[in-house]
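Here the protein sequences come in this chain order: A and B. To convert, take the position in the first sequence, counting from 1, and add 3; that gives my numbering. To convert, take the position in the second sequence, counting from 1, and add 1344; that gives my numbering.
Warning: the hint list may mix true and false statements.
In silico contact screen, one side only, chain B against chain A (beta carbon under 7 Å); selected entries [to be verified]:
{"no.": "1", "residue": "Arg1457"}
{"no.": "2", "residue": "Thr1466"}
{"no.": "3", "residue": "Ile1534"}
{"no.": "4", "residue": "Gly1582"}
{"no.": "5", "residue": "Leu1583"}
Quick list of simulated restraints, FRET-style, between CB atoms [claimed, not checked]:
{"no.": "6", "chain 1": "A", "residue 1": "Asn87", "chain 2": "B", "residue 2": "Ser1494", "range": "33 to 39 Å"}
{"no.": "7", "chain 1": "B", "residue 1": "Glu1533", "chain 2": "A", "residue 2": "Tyr167", "range": "35 to 41 Å"}
{"no.": "8", "chain 1": "B", "residue 1": "His1416", "chain 2": "A", "residue 2": "Ser109", "range": "31 to 37 Å"}
{"no.": "9", "chain 1": "B", "residue 1": "Ser1456", "chain 2": "A", "residue 2": "Leu161", "range": "24 to 30 Å"}
{"no.": "10", "chain 1": "B", "residue 1": "Glu1460", "chain 2": "A", "residue 2": "Pro113", "range": "51 to 57 Å"}
{"no.": "11", "chain 1": "A", "residue 1": "Val61", "chain 2": "B", "residue 2": "Ser1464", "range": "41 to 47 Å"}
{"no.": "12", "chain 1": "B", "residue 1": "Asn1479", "chain 2": "A", "residue 2": "Leu297", "range": "39 to 45 Å"}
{"no.": "13", "chain 1": "B", "residue 1": "Asp1524", "chain 2": "A", "residue 2": "Val72", "range": "27 to 33 Å"}
{"no.": "14", "chain 1": "A", "residue 1": "Asn87", "chain 2": "B", "residue 2": "Ile1401", "range": "40 to 46 Å"}
{"no.": "15", "chain 1": "A", "residue 1": "Ser109", "chain 2": "B", "residue 2": "His1356", "range": "52 to 58 Å"}
{"no.": "16", "chain 1": "A", "residue 1": "Gly253", "chain 2": "B", "residue 2": "Ser1456", "range": "22 to 28 Å"}
{"no.": "17", "chain 1": "B", "residue 1": "Arg1364", "chain 2": "A", "residue 2": "Lys284", "range": "30 to 36 Å"}
{"no.": "18", "chain 1": "A", "residue 1": "Arg168", "chain 2": "B", "residue 2": "Ser1456", "range": "15 to 21 Å"}
{"no.": "19", "chain 1": "A", "residue 1": "Tyr167", "chain 2": "B", "residue 2": "Ile1401", "range": "38 to 44 Å"}
Covered stretches of chain B (chain A as the covering partner; in silico rule of three or more C-beta atoms under 8 Å from a C-beta of chain A) [as the list claims (entries may be wrong)]:
{"no.": "20", "segment": "1347–1356"}
{"no.": "21", "segment": "1415–1425"}
{"no.": "22", "segment": "1567–1573"}
Since the hints were made in silico from the structure, they are not lab data. Given the structure is predicted, the values throughout are model-derived calculations rather than measurements. All residues carry an ideal CB built from backbone N, CA and C; glycine is no exception.
Chain residues, written in single-letter form:
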Amino acid sequence: MTLLFGALSVGLILSLLSLGVLVSYRLFGIPDITADGTITLGASVTAVCCMHGIDPFVATGLGTAAGAVAGSLTGILHTRFKINALLSGILMMTALYSVNLRVMGSSNLPLMQYKTLASMGEGRWRRLLGEEGVLLLGWKVSAGEVALLIGVVVIVALVGLALYRFFRSHLGIAMIATGNNAQMVRALGGNVERNIVIGLALSNGLIALGGSLLAQYQGFADVQMGIGMIIWGLASVIIGEALTGSSTLGMRLIGAVIGSVVFRLLVAIALRWGLNPNDLKLITAVFVFLALVLPAYFRRKRRRMAPSAPAPAEKAEPVGS
Amino acid sequence: MLQLTRLHQTFHPGTPSEVRALSGLDLHIAPGAFVIVLGMNGSGKSTLMNAIAGSFIPDEGEVVLDRQEITHWPEHQRAGMIGRVFQNPFSGTAPDLSILENFALASRRGRSRGLEFALSRTLREEVAERVRGLNMKLEERLDTPIGTLSGGQRQALTLLMATWIKPKLLLLDEHTAALDPKTAAQIIEISCERIERDRLTTLMVTHSMEQALELGDRLVMMHRGRIAYDFSREEKTGLSRTDLLRLFDQARACD
């Protein structure tokens, strides 16, 4: 049960990462590897703030803001200096590694004895439910774990709602259109470059928030914690799309969250069965590879079996109404 | 309304693929005029459109729109004054967004886009009202992604979007060339209806001699990056298809 609660909480926290990847990769088509740096940046900024006795809410906000700044710098490298999007992300990720070490002053910061969102939540609920915890479906669960899970659910729900509302505003719609058809956005007076910068800031802000919460949840920030995270996010987004199978905005957001939780649960189960944690990133990478390649492979195979199947609609050929 | 003065544009200068797309083009368009631009491939029609829309900054010359010098304005800034429909029916709409969301985008052409809710009831009603005028039954499908519609439907919607806020200048860039003849005729009809109703100053590029002779109140023929012939409405009515072909041959013979 503890395992389940842990996996659920971490999965939900990392769903902020998959929401961020959804924005950068699915909306803009940019595999923004800045994510690897910003998740740690969110964690390190929040950790240092908490150590200095800054209110945990403010600390979390600062971590998120730092991520947004890093994301907008990636966007500026890409749009203003015309550096390839992937390379812009790699540059920022590399630079952030040093920045994170500077911020933390060491490669690992323990947070156990400081006041964080996690310790605040746990404390409050322990007072409410009593020290020994509660019975849930016949299982004994500590009050702290329940508190953390509920807190994370609330935060993710709020962020999800805010994102949904944002993408139905004039600015949000212009951002989706920017990834869809930049030429059209320009013709309608939208500033494509600015939209990409804002989009990457939003994406990395979400990811840094995820990093910030993760550090507070697990009780430490580590300079290595971001490595390979972009692939985690991608895997979650892909699982989410497979599960919801829908392209409406709401379902895409929900899919990213569910995908992240499911992925985390799968990983927890695999580790429980004796998977070597060192192999985890290799397996994740192979999984993402298959998820990227297989759909196209099956589509081609199906088309070969049914040669009269209609061609994809998106082609610049004469089309009737 | 639009004043182009001695526009020059050379692509890839100093390389084997050097193209002199515009060479000293002058064009003045009066407010409310509906001008047809006709020309062979490579005569500079598209470059002319792109120079007006701001897709590139010309090497030399001046672009003045509504008494404002806009030569160095970026494309998105000019878009506040210019409505544009592209040749490719898929260029003018965002496929993943619904019809309504696409119109929400168009409703802010040239204006700031903030965080306020974009899909208000008033917008929905207004879009339904105007889309009904197309007689394509699209008013019932305002929430479907626009990418699921046909090219003709998308081009018709692009036209409505480009003129949603009355533009000072409407650019139609061979906007029926990629459509089948029946759909093309339908789009032309919608275009003329929009242009007449709002008295839009319009520049329409076309390959089609028929369109060039039937539509508009002025016809300019481009050749080698400049205006070779310029016919007023009166002069235009006397022209035939063979006249136009003969003029093209003449222009080519002068090279």
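Against the structure, the hints come out as follows:
Nearest Cβ of chain A to the Cβ of Arg1457 (chain B): about 4 Å, under the 7 Å cut. The hint holds. Annotation: Thr1466 (chain B) was flagged as interfacial toward chain A, and the flag is violated, the nearest CB pair being 14 Å apart, outside 7 Å. Proximity of Ile1534 (chain B) to chain A is violated relative to the hint, the smallest CB-CB distance being about 11 Å (cut-off 7 Å). At its closest, the beta carbon of Gly1582 (chain B) sits 33 Å from a beta carbon of chain A; the interface hint therefore is violated under the 7 Å criterion.
Contact between Leu1583 (chain B) and chain A, as hinted, is not supported at the beta carbon level, the nearest pair being about 28 Å apart and thus beyond 7 Å. Here the CB-CB span from Asn87 (chain A) to Ser1494 (chain B) is close to 35 Å, well matched to the stated 33 to 39 Å. Checked against the given bound of 35 to 41 Å, the beta carbons of Glu1533 (chain B) and Tyr167 (chain A), roughly 40 Å apart, stay inside it. Take His1416 (chain B) and Ser109 (chain A): their Cβ atoms lie about 51 Å apart, and the range 31 to 37 Å is violated.
In this structure the hint that Ser1456 (chain B) and Leu161 (chain A) lie 24 to 30 Å apart at CB holds, the actual value being about 27 Å. Range check, Glu1460 (chain B) to Pro113 (chain A): Cβ separation about 45 Å, and the 51 to 57 Å hint is violated. Between Val61 (chain A) and Ser1464 (chain B) the beta carbon distance is about 35 Å. The supplied range of 41 to 47 Å is therefore violated. About 44 Å separates the C-beta atoms of Asn1479 (chain B) and Leu297 (chain A), a value consistent with the hinted range of 39 to 45 Å.
Judged by the Cβ atoms, the range 27 to 33 Å given for Asp1524 (chain B) and Val72 (chain A) is violated: they are separated by roughly 51 Å. At about 24 Å, the CB distance of Asn87 (chain A) to Ile1401 (chain B) disagrees with the hint of 40 to 46 Å. Checked against the hint of 52 to 58 Å, the C-beta distance between Ser109 (chain A) and His1356 (chain B) comes to roughly 54 Å, which is consistent with it. Look at Gly253 (chain A) against Ser1456 (chain B): about 26 Å separates their beta carbons, and that is inside 22 to 28 Å.
The given range of 30 to 36 Å is broken by Arg1364 (chain B) and Lys284 (chain A), whose C-beta atoms sit roughly 55 Å from each other. The hinted range of 15 to 21 Å is satisfied by Arg168 (chain A) and Ser1456 (chain B), whose Cβ atoms lie roughly 18 Å apart. The given range of 38 to 44 Å is respected by Tyr167 (chain A) and Ile1401 (chain B), whose C-beta atoms sit roughly 39 Å from each other. Residues of the segment 1347–1356 of chain B with a Cβ under 8 Å from some Cβ of chain A number 0, which does not satisfy the need for three, so the listed coverage is violated.
With 5 residues having a Cβ less than 8 Å from any Cβ of chain A, the segment 1415–1425 of chain B passes the three-residue criterion, so the hint holds. Figure legend: the segment 1567–1573 of chain B, annotated as covered by chain A; annotation inconsistent (0 residues with Cβ-Cβ distances under 8 Å, at least 3 required).
Of the hints listed earlier, those the structure fails to meet are numbers 2, 3, 4, 5, 8, 10, 11, 13, 14, 17, 20, 22, in rising order.
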